[in-house]
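Asker: These are the residues of each chain, in order.
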Amino acid sequence: MQELDTAGLGSVRVTRKSDTVVILEKDLATEQMVLAMGPQHPSTHGVLKLECLTDGEVITQAEPYLGYLHRCFEKCCENVDYPAVVPYTDRLDYLAGMNSEFAYAITVEKLLDIEIPRRVEFIRVIVAELNRIASHLVAIGTYGIDLGAFTPFLFCFRDREIILGLLEWASGARMLYNYIWVGGLAYDVPADFLKRVKEFVNYFRPKAVELSELLTENEIFVKRTFGIGIMPADVAINYGWSGPMLRGSGVKWDLRRNDPYSIYPELDFKVPVPDGKHSVIGDCLSRHLVRAWEMDESLKIIEQCIDKMPSAEGFNSRSAIPKRIRPKAGEVYGRAENPRGELGFYIESDGKSTKPVRCKARSSCFVNLSAMKDLSKGQLIPDLVAIIGSIDIVLGEVDR
Amino acid sequence: MSEYFGNIKTGAVTIATGMGITLKHFFNAIHRKGDAGVDDVDYFRQVDGLCTLQYPREVIPTPANARYRLYNNIDDCIGCGQCVRACPISCIEMETIKVAPDDMAACGKTSDGQQKKFWVPVFDIDVAKCMTCGICTTVCPTECLYHTPVADFSEFDRSNMLYHFGNLTRLETEAKRQKLAEIQTKALAEKEKKAAEARLEKKD
Amino acid sequence: MSTMVISQFSIPFLMGNSLNAWSDALAGFYLFGLPLGLVIIAAIPLVFIALYSLTYGVYGERKISAFMQDRLGPMEVGKWGILQTIADILKLLQKEDIVPASADKFLFVVGPGILFVGSFLAFAVLPFSPAFIGASLNVGLFFAIGIVAIEVVGILAAGWGSNNKWSLYGAVRSVAQIVSYEIPAAIALLCGAMMAGTLDMQKINILQSGSYGFAHFFLFHSPIAWLPFLIYFIASLAEVNRAPFDIPEAESELVAGYFTEYSGMKFAVIFLAEYGSMFMVSAIISIVFLGGWNSPLPNIGSVALNDWTNGPVWGAFWIITKGFFFIFVQMWLRWTLPRLRVDQLMYLCWKVLTPFAFISFVLTAVWEIYRP
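Protein chains in written order, with my numbering: chain A, 1 to 400; chain B, 1001 to 1204; chain C, 2001 to 2372.
None of these hints come from the bench; they were simulated from the model.
Among these hints, one or two may not hold up.
[Said to hold, decoys possible] Okay, derived cross-link-like pairs now, DSSO-like style, lysine-lysine, Cα gap no bigger than 30 Å in a straight line:
| hint | chain 1 | residue 1 | chain 2 | residue 2 |
| --- | --- | --- | --- | --- |
| 1 | B | Lys-1186 | B | Lys-1203 |
| 2 | B | Lys-1033 | A | Lys-355 |
| 3 | B | Lys-1117 | B | Lys-1179 |
| 4 | B | Lys-1033 | A | Lys-198 |
| 5 | A | Lys-377 | A | Lys-110 |
| 6 | A | Lys-308 | A | Lys-207 |
| 7 | B | Lys-1009 | A | Lys-207 |
| 8 | A | Lys-277 | A | Lys-377 |
| 9 | A | Lys-323 | B | Lys-1117 |
| 10 | A | Lys-75 | B | Lys-1129 |
| 11 | A | Lys-308 | A | Lys-270 |
| 12 | A | Lys-300 | A | Lys-49 |
| 13 | A | Lys-49 | B | Lys-1129 |
| 14 | A | Lys-270 | A | Lys-252 |
| 15 | B | Lys-1179 | B | Lys-1193 |
| 16 | B | Lys-1009 | A | Lys-277 |
| 17 | A | Lys-270 | A | Lys-195 |
| 18 | A | Lys-300 | B | Lys-1109 |
| 19 | B | Lys-1024 | A | Lys-198 |
| 20 | A | Lys-198 | A | Lys-300 |
| 21 | B | Lys-1129 | A | Lys-360 |
| 22 | A | Lys-377 | C | Lys-2351 |
| 23 | A | Lys-277 | C | Lys-2091 |
Isolated chain A, as found in the complex (with noise of 0.2 Å):
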């Protein structure tokens, strides 16, 4: 038996009979299919397009394609004043406007060099936390949907929008908040609304049982992620990645332990990081798995900063904000963790404006993104739509 390629019919398998050939097996001559995934797509989450090259189910290549949602975040930044950059950092994560928020004032106060209450640290890491769980609910929910099952995304938006609620009576805007302001909080938080809060925390665990009860320990749900999309860890290190997805690969890297900011180093939360036993390290269940505990960890984080919340008594939200932001020439790169990852601004000043010359978006998004490549060889079209669910990108900041 011996195998034969006659150029383009594909392969052919003949044996020999004496003197004549006789053909075997005869695959038919097949090319590959080019798959134009988005951007209209529902389960790219977004207008995401990737141009995938499959061959039969299996995915040869998949080349992911951005800019459809390119707002010129950066250079809108340059031509507006230092506090009026923040309504646009709530639009890069929408999902995590507090968090982007959080990023950009560290990074600005660094530069500045001011010294900031600690209610307003407090109040600043409870927002923060609560709008960490409502962007790892739309992390899980939609994952979900990307699996097919309809019904934990649901659950999770009717808790999201108690999150969203709560902000809404913090903030004064459901999602795009602008609160967190350089130096301070626009406004204290209501009188009631930390009891609000720690019955929330109350609600939300009985609901996140639930939900892994229905999602996360189904054994379909499990088969579909368990496995896939393994990123190894030096990989992930080597590629960027931060957040739950660097977690989900095994590595124990979360910046607010690692290069601490705000009140975090005074609280007790761990780290979660997959540990081999309900999931292959780096694969798509550990990612939902890590983002799930991390939901219980902020609970945690919550609860001991309305515990540890210091009085409203004098206490000014404003007090510290600065008169006019000039700050002097130099240049300055903060970071927070993200619920996608490290999210951080890189901000120069020239030391005469009051706007940044130069103000960079290092999006967490963008970079888990970048490798899509690489995970989504050789993979099904339903895994690579359970690759781009684990990732959990959202396309305001990756195109910003």
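Starting from the known structure of chain A, fit chains B and C onto it as the hints suggest.
Answerer: What follows is chains B and C alone, placed relative to chain A:
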């Protein structure tokens, strides 16, 4: 082999658990969560049951400090133009006319007793552009510009999204402008006259 | 057996109430030499499919899914949104009937038709009541299993004719899935046929009647009858492309699968076919394992519940109720579970369902031979 049967078993058990949860929710559908706002004391009273609302008829109340539609109380506006400068997306358009000295009383004072020095014939806010960041409201010295909790103000025509807050009619504007121009020309003429006199004096 | 006399009254007295009386009377009804009765027989399931998919299929599913997800569901059109489906139909009627420029027009148009015919033809052998069956074939069950395969042709025609890559994927997946799942489904139904000893749908039903109600159903006929019952139920989910086996129309992967390009009435026809097959498999499972039109209520002493609740009209009620129950379970599963992947679907079919179907086949045969 045991793995094979184990898989079937976990599959069956977890599917049954999931179905139990959805069935529980199905029977919980006799309850409704209602439209309590998050600032309501009883917000977490009813946590099970249907949580959606029939929007135009049932609304989740927006809190009192919610920042939605921008509103300008023009009676208090002194026409300083801080908001126009602060707005990151320039959605506020403003025109001012200096108040003639004899019109000061007619122009009036703000509610906290500050004399207004400008007529504001044009104060247009394009709420379609406005991103409700609230920066303009924080710079406003008289706190006459603020966000209201009115969240739903959709329109069929985009030009209706341009909100006019100017408090002068076109004729009045024209009159004020003319008056100011007259005063200015008078002042200019006086100045020139004085300058000419000064020149004459110098020559002498 | 076929001479069994049904004791209760039936509404069309004129037609009598013995077995197949209504359908026989209709079949013999000619008007101006035209077999109008046959047309009516064919129209009854059609009207039934249309009515049921309009009410329970679409509106019911939307409400059930809404309640499972803590939502209200449609509420605007009519009281509690009852008229929502009518509004949807009106919308679909008004829609432009688009045939994509690069589509294979013949296949594109014919696809939904074949799909619907495939699911509709199986209704011919479904006994809707002791007195009504479209075609009283002695190979009724075999016909029902076989004719469903025509749907595959329709799906392939629709997917291929759309000239859309997603549709093609959906069609190919669908064909692979349906063809594979026919095997465990057929073997599981064979277990039922073995217990009955016949393929005639009416006879299968009659064999399950008796004064103890549900105790006579084939599900309780042998200690392993639950296994083919379960296998057929799972396989039938795959055959009608319901979740968790809805990979041919997996909306998060393939946009909408083989009907991505369809709009307007063609889309409605595809949906009608889907709801038709949903009821069809639910009716088959209730006929083969749960007694079809027999009442599940037993006679308790002098309280002859079983006798009171049997008869042609009651029969129609029971079979439709049983069918609706299984459709409810289908919906319940759909709104609970994630979707399987293609290879897992095949794993489930070939490595789990098919061996177990064979085991149950052999065990049923052994039971039938050595039954105490």
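Asker: Of the hints given before, which are not true for this structure?
Answerer: Going through the list in order, the structure violates hints 2, 5, 12, 18 and 23 and respects the others.
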